[in-house]
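*Asks:* Construct the complete structure from the given sequences, taking the supplied hints into account.
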Amino acid sequence: MICEDCNSRKATVHMTKIIQGKKEEVHLCEECARAKEALNFENSLSIHNFLAGLLDINADPQFQTQYSGVQQCSQCGATYDRFKHMGRLGCSQCYEVFRERLAPLIRKVQGNVNHTGKAPKRAGGIIRLRREVNQLKQQLREAIHQQAFEKAAELRDQINELEGRIEGM
Amino acid sequence: MTGWLKETGPQSDIVISSRVRTARNIEEIPFPHSLSEISAKEVVEKVYHGILVGNTGFKDDFKLIAIKDLEEIDRLNYIEKHLISPDLAKNTVIGNILINTEETISIMINEEDHIRIQCLLPGLQLDQALDVADKIDDLLEEKINYAFDEELGYLTACPTNLGTGIRASVMLHLPALSLTGYIQAVLRAAGQIGLAVRGIYGEGTEFLGNLYQISNQVTLGVTEREIIRNLHDVTMQITEKERAARKNLLNTKKIELEDRVFRSFGILKNARKITGNEAMQLISDVKLGASLGLIEEVKIEKINSLITMIQPGFLQKHYKTSLNSIDRDIKRAELIRNTL
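In order, the protein sequences belong to chains S and H.
The first sequence begins at 1 in the numbering used here and counts up one residue at a time.
The second sequence begins at 1 in the numbering used here and counts up one residue at a time.
Hints were generated in silico from the structure; no laboratory data involved.
A virtual CB, placed ideally from N, CA and C, is assigned to each residue, including glycine.
Incorrect hints may have been included.
[To be verified] Computed Cβ-Cβ distance ranges for the label pairs, DEER-style: (1) S:Q71 / H:E45: 30 to 36 Å; (2) H:K254 / S:N114: 50 to 56 Å; (3) S:Q71 / H:R198: 31 to 37 Å; (4) H:A185 / S:V26: 27 to 33 Å; (5) H:P86 / S:T12: 29 to 35 Å; (6) S:E100 / H:G191: 28 to 34 Å; (7) S:E100 / H:R188: 54 to 60 Å; (8) S:G77 / H:G57: 37 to 43 Å; (9) S:E100 / H:E72: 55 to 61 Å; (10) H:L323 / S:N134: 55 to 61 Å; (11) H:R198 / S:T12: 30 to 36 Å; (12) H:G57 / S:E25: 54 to 60 Å; (13) S:K137 / H:G191: 27 to 33 Å; (14) S:D81 / H:E240: 48 to 54 Å.
[Said to hold, decoys possible] Just some of the chain H residues that point at chain S, by a computed CB distance under 8 Å: (15) E27; (16) E102; (17) D149.
*Replies:* See below:
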């Protein structure tokens with residue numbers, strides 16, 4: 001394939017752009033691609049691309065396959081791969097879903113993973129309970145999966161109790 | 001007219017303005033970049049309701065503006081006045097702003113995060129800016145359930161804003177440190193203690209007009225006041241170094257300094273056409289001269305306001321017409337002559 005810009009060199013860079021649902025393919029040689037990239041310099045150096053880049057540095061291939069795109073945020077549908085691509089999470093729930101995987105990156109950019117500043121006045125207690133419920137629900141799914149029904153029943157009661165408390169708050 | 005432009009504050013010989021920006025998101029609603037138009041409207045309503053409905057004390061002070069309803073010149077003008085970000089200006093679908101009459105507070109809605117509260121004050125007033133932003137935040141919190149996590153603090157679309165969601169910055173005029181080259185050491189030191197330094201106008205233009213913006217990078221694991229205190233202390237140190245460098249110039253190279261300042265003043269008062277870059281450099285000289293008392297006939301705040309007045313958006317708004325770059329250079333020179 002020949003480069004679409006200079007029509008002389010071999011096209012080695014292939015890009016697919018999707019603009020408002022319309023798919024457009026671009027095939028360029030390295031030189032022309034770089035010239036285009038230079039025009040786009042500000043974009044390519046945005047903090048989000050930079051963050052996404054940080055994730056891939058020194059990534060252990062085994063570690064990557066272990067997760068391989070199964071995890072999806074139940075609220076917004078975002079996957080971890082999408083975050084890697086965009087450098088932004090889809091919604092606040094994503095932080096809960098991808099908590100473990102995000103921790104190293106957060107430590108890298110913030111040097112810290114424990115908030116010490118302001119907290120919403122009325123939210124403190126509820127947030128703790130909600131997080132507990134989410135954790136229990138996760139355990140419940142695992143218990144059902146392992147057919148440990150006695151444990152599942154126990155967990156279900158705990159969840160109901162906590163949810164009752166949240167509603168009463 | 002914008003409050004931070006027409007007045008001066010503490011340390012105003014060097015510190016032009018202080019800014020605190022707080023990022024917040026609403027629970028259970030996707031972040032703006034993956035938000036439907038309908039949900040985005042809901043976000044706008046919630047914020048509007050939080051600030052303007054009920055006894056908030058802000059009822060008559062704020063106006064809500066949809067980015068899509070603004071002319072391009074107005075958008076540019078708001079960016080130049082630092083009231084909205086370039087990103088928000090581009091968002092003509094769901095982007096909105098609430099701005100107070102004084103133009104010291106702007107609440108950006110559906111930018112990268114649902115809510116970004118910004119307070120911008122003249123001079124070095126970081127604590128005051130945080131107080132204002134905090135008050136708005138408390139007010140919104142009464143009606144909005146924020147996305148918050150005990151470990152990670154306020155949750156933001158980008159992990160670089162997690163925790164406090166606070167980005168504090170100061171805009172500094174550092175001509176003497178730049179002239180003597182000491183600025184490099186200052187910039188390096190700032191970087192080492194977790195502060196970011198960049199130019200003010202246009203990302204590519206390196207420190208145009210010797211203006212520098214310094215801001216915190218870390219937002220998580222530190223309290224709001226710690227962020228402010230750290231930036232304040234570093235700013236005071238840089239301010240002292242700049243003053244010492246100015247004094248040194250005055251003692252050792254007075255005639256050269258005066259020559260430069262008055263030549264620049266002369267060009268600004270007489271030029272018939274001038275580019276933005278040249279004007280920025282000359283204004284920097286005149287501002288230095290005024291701060292040192294060499295020029296007494298022009299007030300610092302007038303020079304500060306010139307920095308914004310010569311930008312393309314402001315010029316076109318002022319002359320109520322769109323101008324090409326040659327016309328802009330002519331009108332820019334005219335506006336500077338009339339102001340000085």
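*Asks:* Check each numbered hint from earlier against the structure, then list the numbers of those it violates in ascending order.
*Replies:* 4, 7, 9, 13, 16
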